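Q: Listed here are the chains, written in short residue letters.
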Amino acid sequence: MSEQVADAPQDGPRPDDHEAGAGRDPLSMLLQPGAWRLERRLHTRPVHELYATLIALAITAVIIGLLVIIVGVSPLDAFASLYEGAFGNRESALETLVQATPLILTGLCAAIAFRAGVWNIGGQGQFIAGAIGTWWVYDTFPGLPAPVLFVAMFCGAAVFGAVWATVASVLLVRYGTNEILTTVMLNFVIDSGLSWLLSGPWQANDTPYSQTERMVESTFLPRFFDDSRLHLGFALALVMAAAVHFLVRRTNLGFELRAIGVNKQAASYKGISVGATIIAVMAISGALAGLAGAGELLGLHHRINFEFGGQAVGFTGIIVALVARLHPAGVIVVAIAFAGLLNGATQMQVGTGIPAALVDVIEGVALVFVLLAAVACRYRLRKIAHHG
Amino acid sequence: MADAAQSGAAAPGENILVAEDVTKVFPGVVANDSVSVEIRRAEIHCLLGENGAGKTTLADILYGVYRPEEGQVLLNGRPLELHSPRDAIEAGIGMVHQHFELVPPMSVIENVVIGTPAKQWLDLTEARRRLEEFFADYDVEIDPDAEVGRLSVGEQQWVEIFKTLYFGVEILILDEPTAVLTPQGIDELFRILRRMRDEGLTIILITHKLKEVMDLSDRVTVLRRGKVVGTVDTADVEQRDLARMMVGREVLMQADKAASTAGEPVLEVEEIHLGSDTGRGSLEGLSITVGSGEIVGVAGVSGNGQNALFDAVVGVRHPEAGSIRITGQDTTESAPHRIATLGVASVPADRIAQGLMMDFSVKENLVLGNQRERQFSRAGILNRGQIDTFAAESIDTFEIKTPSAAQITRTLSGGNLQKIIMARELSGQPQLIVAHQPTRGLDIAATEYVRRRLIQERDRGAGVLLMSEDLDEIFQLSDRIAVIYDGRIVAVTEPDATTLEQIGMHMAGASDTDQGSP
Ligand SMILES: Nc1ncnc2c1ncn2[C@@H]1O[C@H](COP(=O)(O)OP(=O)(O)O)[C@@H](O)[C@H]1O
Ligand SMILES: [Mg+2]
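For the record, the sequence lines run as chains A and B. Taking this note's numbering, I'd label the letters of the first sequence as residues 1 to 388. Taking this note's numbering, I'd label the letters of the second sequence as residues 1 to 518.
Keep in mind that the hints were calculated from the coordinates and are not lab data. A quick note: this is a predicted structure, and the numbers were derived from the prediction, not measured.
Listed next, the stretches of chain B that the computed footprint assigns to chain A, with coverage defined by at least 3 CB atoms under 8 angstroms from CB atoms of chain A: (1) 345-354; (2) 361-371; (3) 377-390.
Only part of the chain A face toward chain B is listed, based on derived beta-carbon distances under 8 angstroms: (4) T251; (5) L253; (6) A259; (7) N263; (8) Q265; (9) A266; (10) S268; (11) Y269; (12) K270; (13) G271.
Note that beta-carbon positions come from the ideal geometry of N, C-alpha and C, so glycine has one too.
With these hints in hand, go ahead and build the complete structure from the sequences.
A: Structure (structure tokens):
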């Protein structure tokens, strides 16, 4: 019984807690006789988190390796061809960045909302809302000069994404409706909305398919290189990551959103309006996913069809954010890594016969272990003296 | 009561329960550091120490909640292996914790028999007979069929005590039993405890209040930072000796305070009503006024509307009827942010839940709530230089012990957490300070500090609304005392014009009309 009780959270202030930071010499701890015990750290430092995450990823690699062995392929071959397809040469590396672009933005979308303790699971729907917004601006204001049109289309995407997220946040703030449920349901709603648009008002005249016309070439996002699809959207995603970091760490709103993420009650006692902050954060979160929609439409697809959003970047963004522990820089790294997996999987499938769907397994396993690591690094193993 | 008498039981005056070199370690804290105590049969033995000294931990070891990492417990000279409180009860040791372990919707009698071992026959009629006998014998007026949730905290404590005695323990451990009682309740408890001792019960009473030790105990063991400072016969010592043992230095027992006269009212609460929908108590037409330059102490047993009053004044909840004016302006419906800008500082009772972001850095907590002030941000962007400067100053003036301003708040001790709140709240030279239990859980040094600051603020001209369950604190600090009961102020008086007993009567609900309306 004592072991469990010892780790139970305490409600009262603990006057001697500050002594907890005092380290002990690890070697002498190891040599001392006695039992090991898991105990809670009062304070986790970023290095702990980094190590824990790296260990989690290593464990993931081992598990995936075992799966690959079961299929009868050498894990080294599998990982080699996966890597080859993801980053092996200039072409594939650039293509990985192309795939990372929307994941960075949807990852930021989830990360900022989660920071505030708001569980926006609607990145996918907001992504589609962004594409719809882009098309709507394109369709409604055909006469705009190119630079203005670009700005207007991105603004349209951001606004549509924000509005779609705001539906959920208003329900949450006004009626306390669980945002996880509403954001998930709104994903379905916008899917149906999109089908309706594609088979009705926005359907292209010249085809029997449910899709829009192809956009005129002047609206295509500039590409960085002739031999790659990498477009300006990638730069935009990086800028947004920096902006989110700045917002969260350096502004009032960031301070307040972190505050409501940590302790809503204390925040409201200290005059922070929880409702207003939630509305603001969700709008920003939705806008980020909306920008991802604009980037995909203007940078790659140039038309909306049924497949648009089929990659489920909104959902992958949630995993990206969680694996990145909600840090914007981490989101960039993890998004590129995940994009590499997606990209490399095809090569792996061709080269070794392992189904590309293994990537989903990798993502899932990585998520589970990184989340476990996030909890685990709040504890440490310590040796205690003999029981008397 | 001595049903569980052990073979080879000690005669009165001999050691019955002994802890030998007991050590218990919690993450980062040695809660009991080689603690040895000898409890004699049929004595009242106090465990005295400041918050965090390790009293509860020691009691929990004697009661089988924790197993010590080192050392052992002896009962009647023989080593005692306790794996759970059940073992302790079987060995004749019972304990009433600070947080009661009762089932509120069940009746008194059901709560008492609930722990009957499965193998024993549950005889409700017999149980009722014994319980009624107990109550009659000790003059405690509790209906065995009453629902426990409807009893007052004091009455619930009696249920806890009788529940323990029902199983025939011969050693009774009480953890800070007076914290929930009025002065009269304390007298009654002590009277009965003395009688139980005379009848042969051994009583271990945990407290951090010196007066209680002096009043009640035969012997006292003082703990400090997990170590035993010493065990003494109460008759041989004075209060200040115990204080010195407890704190490790001389302490001033009295806060110095000059007389003051109240100026213009800064807080006028008139007839407010507030429902109990949030579970933080209700108000039934409460009125109170605080003038500038005075401390108004609100005395009362917890749960009589203190939380609701706090919430209403700081604007977290809005009264359904009545009005609140702060520095002359109507704030009945104002949001917390607006109220703060009128110069209102608030020190909430639960600093961790309502006062701080435990996962923020110390400096962020020092500006929490003021982050939009011109001093700390421009155009929505935080001014980190200013925040750092302010934090460094606050840490300095308020003597906050932290490795750095960037330290995560969670790692600080209770006293330092309260200093962060005080530093933040007092920084803007507030006109009104609403402080709820500002010294609860603090050690003596931090307590002295907080009280001194409140008096300084009063002398500067701030009005202070001080809600506290600690009557000594109320008497020490207040210029006027108001008593809250059942969501109303039932009496207002001055400390010199009243006695502890009178205040206690009001706290228990007796109102008197000569005191005039608040
Ligand atoms: N379950 C626990 N987990 C971690 N630390 C604890 C626990 N219980 C007590 N402590 C720590 O042990 C020390 C002694 O606590 P406690 O025995 O409750 O003191 P007291 O009852 O004298 O106020 C404190 O520093 C407290 O923080
Ligand atoms: Mg205690």
